Amino acid sequence: DQQVKQNSPSLSVQEGRISILNCDYTNSMFDYFLWYKKYPAEGPTFLISISSIKDKNEDGRFTVFLNKSAKHLSLHIVPSQPGDSAVYFCAASAGASGGGADGLTFGKGTHLIIQP
Amino acid sequence: KAGVTQTPRYLIKTRGQQVTLSCSPISGHRSVSWYQQTPGQGLQFLFEYFSETQRNKGNFPGRFSGRQFSNSRSEMNVSTLELGDSALYLCASKDRAGVGTQYFGPGTRLTVL
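Here the protein sequences come in this chain order: A and B.
The numbering of the first sequence is our numbering, which starts it at 1 and goes up by one.
The numbering of the second sequence is our numbering, which starts it at 1 and goes up by one.
To be clear, the hints were calculated from the coordinates, so they are not data collected in a lab.
Keep in mind that the hints are not guaranteed to be accurate.
To be verified - Within a straight-line C-alpha distance of at most 30 Å, the following computed DSS-like cross-link-like pairs (lysine-lysine) qualify:
#, chain 1, residue 1, chain 2, residue 2
1, A, K38, A, K68
2, A, K54, B, K13
3, A, K56, A, K68
4, B, K13, A, K108
5, A, K38, B, K57
6, A, K108, A, K5
7, A, K71, B, K13
8, A, K56, A, K108
9, A, K5, A, K56
10, B, K13, A, K56
11, A, K68, B, K57
12, A, K68, B, K13
13, A, K38, A, K108
14, A, K108, A, K71
15, B, K57, A, K5
16, A, K71, A, K38
17, A, K54, A, K108
18, A, K38, A, K54
Said to hold, decoys possible - Here are some chain A residues the structure puts well away from chain B; computed CB gaps all over 12 Å:
#, residue
19, Q2
20, V4
21, Q6
22, S10
23, V13
24, I18
25, K38
26, E42
27, G43
28, T45
29, S49
30, H72
31, P79
32, G103
33, T105
34, I113
What the hints assert, rightly or not - If you only want the chain A side, here are some residues facing chain B, beta carbon under 7 Å, derived:
#, residue
35, F46
36, P82
37, F106
38, K108
Keep in mind that this is a model prediction, so the values were computed, not measured.
Yeah, the Cβ is synthetic: ideal placement off N, Cα and C, and Gly gets one too.
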């Protein structure tokens, strides 16, 4: 059973516009969420994270929103740039409250394509 | 600081063999985790080591094992390789046990023939 779901395998956005990537989770023990970006043949690169005590975290062009009641988070990229084209993974951890279950649970990823 | 390094980057083995993969974490990081990425299952957690002790283990058979050395470097071993073990194996490090951001290496691409 997938505990972290990214329901859109791919997303195409025009350069300069906003990209919104979505992620849903089912495990209420998750309390720390991260977004990673991955290019082919490379390891995931950390983008931004959010703790469950917050509902928004912003870092430059990247903003993550967390809706705990809906068990939903989203990553906003504004404005989208050609270099943003990559696969984006949502990940969750029960590290803070899970007694040490620190492994990340990943979604299957969304392939973001930025069109010129 | 240098990032997480993994060796080798590519490996080809045959069924029944065993393989050892190596990971050097970011300097000062004492936690090392291993993940397997396959097209069908995505990224899955294998295990985590902190201060030479395994803290957590994912849902993988006992053929998958690991260890961590006093300098925080970690190795992962897979014995009796199966075709389904073909995957990208990723190592990630962080500076503490518990919640925190994991930084990934480039991975080792293992192909089992």
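Structure-based check of each hint:
no.	hint	verdict
1	A:K38 - A:K68	holds (26 Å)
2	A:K54 - B:K13	violated (46 Å)
3	A:K56 - A:K68	holds (11 Å)
4	B:K13 - A:K108	holds (27 Å)
5	A:K38 - B:K57	holds (24 Å)
6	A:K108 - A:K5	holds (7 Å)
7	A:K71 - B:K13	violated (42 Å)
8	A:K56 - A:K108	holds (23 Å)
9	A:K5 - A:K56	holds (20 Å)
10	B:K13 - A:K56	violated (46 Å)
11	A:K68 - B:K57	holds (27 Å)
12	A:K68 - B:K13	violated (45 Å)
13	A:K38 - A:K108	holds (12 Å)
14	A:K108 - A:K71	holds (17 Å)
15	B:K57 - A:K5	holds (22 Å)
16	A:K71 - A:K38	holds (24 Å)
17	A:K54 - A:K108	holds (24 Å)
18	A:K38 - A:K54	holds (25 Å)
19	Q2	violated (9 Å)
20	V4	violated (9 Å)
21	Q6	violated (10 Å)
22	S10	holds (15 Å)
23	V13	holds (23 Å)
24	I18	holds (25 Å)
25	K38	violated (9 Å)
26	E42	violated (6 Å)
27	G43	violated (4 Å)
28	T45	violated (7 Å)
29	S49	violated (6 Å)
30	H72	holds (19 Å)
31	P79	holds (25 Å)
32	G103	violated (3 Å)
33	T105	violated (7 Å)
34	I113	holds (19 Å)
35	F46	holds (6 Å)
36	P82	violated (22 Å)
37	F106	holds (4 Å)
38	K108	holds (5 Å)
Figure legend: structure checked against the earlier numbered hints; hints not met, in rising order: 2, 7, 10, 12, 19, 20, 21, 25, 26, 27, 28, 29, 32, 33 and 36.
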